[in-house]
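Trainee: Sequence:
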Amino acid sequence: MTIHSPEDLKIALYRARVHLSLLETDPTHPLDLSVVGARSTPMLILRSDEELRSAHSDAALSYDLMRDLMMAALQARIDELAEKLGVGVADIPLDKLQYGDQTEA
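Residue 83 in the working numbering is what sits at position 78 of the sequence shown, and the numbering runs on without skipping anything.
Rather than coming from a laboratory, the hints here were simulated on the basis of the structure.
Just so we're clear, the structure is a prediction, and the values are computed from it rather than from any experiment.
Ideal Cβ placement from N, Cα and C applies to all residues, glycine included.
Everything hinted at is true.
What follows is a list of derived Cβ distance ranges for each label pair:
#1 S59 <-> G91: 41 to 49 Å
#2 D13 <-> D69: 29 to 37 Å
#3 G91 <-> A64: 39 to 47 Å
#4 G91 <-> A65: 35 to 43 Å
#5 E88 <-> V23: 13 to 21 Å
#6 S62 <-> S10: 43 to 51 Å
#7 D13 <-> G42: 15 to 23 Å
#8 S45 <-> D73: 26 to 34 Å
#9 S53 <-> S10: 35 to 43 Å
#10 E56 <-> G91: 38 to 46 Å
#11 P11 <-> M48: 29 to 37 Å
#12 L74 <-> T30: 12 to 20 Å
#13 Q80 <-> H9: 22 to 30 Å
Please take these sequences and the hints and turn them into a complete structure.
Mentor: What follows is the structure, given as structure tokens:
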């Protein structure tokens with residue numbers, strides 16, 4: 006997804022911060038994943054009592070590991086967006102970043 010305008014950056018920052026907040030406050034929050042670049046868009050929801058296992062071996066990725074990876078990816082994205090928007094933007098309260106209809110967030 007290409008983001009150009011400051012408003013688009015603020016929306017992306019808001020979404021990333023809300024997602025990170027959900028994962029930080031609820032250690033069992035499901036991880037909704039999709040495969041980028043796939044011909045179709047298969048969705049995967051990973052829950053706290055589940056894990057991903059390789060189709061070719063018994064190697065597995067636990068929910069906790071995937072949650073930690075997602076939280077690190079979200080924090081990196083927040084830092085990137087905050088840098089693009091300017092110093093201190095990551096400290097803006099979420100209610101100041103809110104936009105439009107909140108049903109999607």
